[in-house]
Structure formats: structure tokens, C-alpha cells
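A.B. asks: Construct all of the structure, not just a fragment, from the sequences and the given hints.
Position one of the sequence shown corresponds to residue 1 (our numbering), numbered consecutively onward.
Just so you know, not all the hints are guaranteed correct.
Claimed, not checked - Computed cross-link-like contacts, DSSO-like style, restricted to lysine-lysine with a CA-CA straight-line distance of at most 27 Å:
1) K92 with K78
2) K151 with K99
3) K99 with K82
4) K77 with K92
5) K99 with K146
6) K99 with K78
7) K161 with K92
8) K136 with K151
9) K151 with K92
10) K99 with K77
11) K151 with K161
12) K92 with K82
13) K153 with K76
14) K92 with K153
15) K76 with K92
These are calculated hints, taken from the structure and not from any lab test. Note that the structure is a prediction, hence the values are computed from the model and not measured.
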Amino acid sequence: MTVFGTNNKKSLRTLNQTGSSDAADEFFEASKIADIDLKKVSKISTDDLVSPECYRVTLSIRAFEGYRNSIEAHLKKKAVQKSVQHGYIYEKEYGDIAKSNEFYNLADDLRREHDIDHLCILTDHYMLGFGDDISKSLYENPEWVKENNPKFKDDVIQTIKYLEERNNKSFNASAINGSHKSEDA
Numbered sequence: 001m002t003v004f005g006t007n008n009k010k011s012l013r014t015l016n017q018t019g020s021s022d023a024a025d026e027f028f029e030a031s032k033i034a035d036i037d038l039k040k041v042s043k044i045s046t047d048d049l050v051s052p053e054c055y056r057v058t059l060s061i062r063a064f065e066g067y068r069n070s071i072e073a074h075l076k077k078k079a080v081q082k083s084v085q086h087g088y089i090y091e092k093e094y095g096d097i098a099k100s101n102e103f104y105n106l107a108d109d110l111r112r113e114h115d116i117d118h119l120c121i122l123t124d125h126y127m128l129g130f131g132d133d134i135s136k137s138l139y140e141n142p143e144w145v146k147e148n149n150p151k152f153k154d155d156v157i158q159t160i161k162y163l164e165e166r167n168n169k170s171f172n173a174s175a176i177n178g179s180h181k182s183e184d185a
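C.D. replies: Now the structure itself:
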């Protein structure tokens with residue numbers, strides 16, 4: 001069991017037994033451990049909401065700090081989510097890849113800045129199909145390639161670098177953890 005899980009169970013036991021600010025203190029500490037060690041926003045926000053409620057019951061001034069932590073965790077997570085959503089809208093509805101990439105890059109920057117994990121939903125099967133679609137399109141439209149060569153070349157180089165980086169992260173993670181789970185930027 002993780003340190004976070006152990007602290008969480010202890011906090012619930014204290015809350016059930018005493019209903020005091022001790023439980024709030026323990027939830028508060030559990031959320032700090034999750035924030036520092038695990039970076040699991042859903043776990044953080046749960047404890048950050050329970051902690052200030054416990055403090056509120058005992059009229060403790062620490063409720064303020066607990067509420068602030070909860071808001072900050074949600075802001076970080078929602079900012080990443082909104083950046084990805086807006087990037088998708090600009091790509092699909094406006095056809096503006098440059099603005100779309102700005103939003104996607106912002107999401108990546110926020111993930112790195114706040115150490116928020118993002119598991120890639122692009123499977124190996126999807127990526128193989130994607131590569132096949134590109135090859136087929138290029139073969140069928142050589143004039144388009146000639147007209148758009150500089151931009152296309154830059155995009156292909158950037159995509160290859162991204163996929164290599166993703167593959168390296170996946171390999172390193174599986175070597176360390178003994179798993180085959182891959183993470184995307």
C-alpha cells in the first residue's frame with residue numbers, strides 16, 4: 001500500500017472516532033503527500049475537500065488553506081483539459097493547425113510545469129493506421145507534397161522526434177517499472 005493510502009485510511013479512522021481537527025490534519029497531510037509524491041490530482045482534490053470540511057466543523061482557520069489547495073489542484077487539471085479541448089476545436093472546426101498546436105503545446109507545458117501525468121490514448125494500432133493513411137495520401141497526391149514540402153517536412157520531423165521521445169519514455173518506464181505502459185508528453 002502507498003504512503004498516501006496508509007495516511008488516507010488513518011485519516012478516515014480518526015475522523016470516524018473523534019470528528020476532531022486531528023482528522024482534518026491527517027487529510028491535509030495526506031493531500032500534501034499525494035501532491036508531492038504521487039501527483040494524482042483526483043486523489044489530492046478528494047482529500048483537499050475533506051480536509052477543509054473537517055476544519056470547518058471545528059471552526060479552524062486551516063480550512064482556508066485546504067480550500068486554496070483544492071482550488072489550485074483543480075485549476076491545474078482544468079487548464080490542461082481546456083487547452084487540449086480548444087486545440088482540438090481549432091484543428092477540427094477551424095482547420096487551423098498552428099493555433100491548434102499552440103493550445104496542445106500549452107497543455108504539454110502545463111503538464112510538465114505541474115508534473116501532471118498524461119497517459120496517451122493513441123494505441124500502437126492507431127499509430128500504424130495513421131502512418132498508413134499518410135503514406136497512402138502522399139502516394140496519391142505528389143503535387144501537394146511538392147507545394148507544401150517545407151511545412152510538411154518540418155511537421156514530419158517534429159512528429160518523428162515526438163514519437164521517438166514517446167518511445168524512449170515508454171521503454172525507460174517499462175525498464176524501471178517492469179511494465180509496458182507508455183506515457184505521452
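A.B. asks: All the hints need checking, so say for each whether the structure fits it.
C.D. replies: Each hint, compared with the structure:
| no. | hint | in the structure |
| --- | --- | --- |
| 1 | K92 with K78 | 21 Å, holds |
| 2 | K151 with K99 | 15 Å, holds |
| 3 | K99 with K82 | 14 Å, holds |
| 4 | K77 with K92 | 23 Å, holds |
| 5 | K99 with K146 | 24 Å, holds |
| 6 | K99 with K78 | 19 Å, holds |
| 7 | K161 with K92 | 23 Å, holds |
| 8 | K136 with K151 | 19 Å, holds |
| 9 | K151 with K92 | 19 Å, holds |
| 10 | K99 with K77 | 21 Å, holds |
| 11 | K151 with K161 | 15 Å, holds |
| 12 | K92 with K82 | 15 Å, holds |
| 13 | K153 with K76 | 34 Å, violated |
| 14 | K92 with K153 | 22 Å, holds |
| 15 | K76 with K92 | 25 Å, holds |
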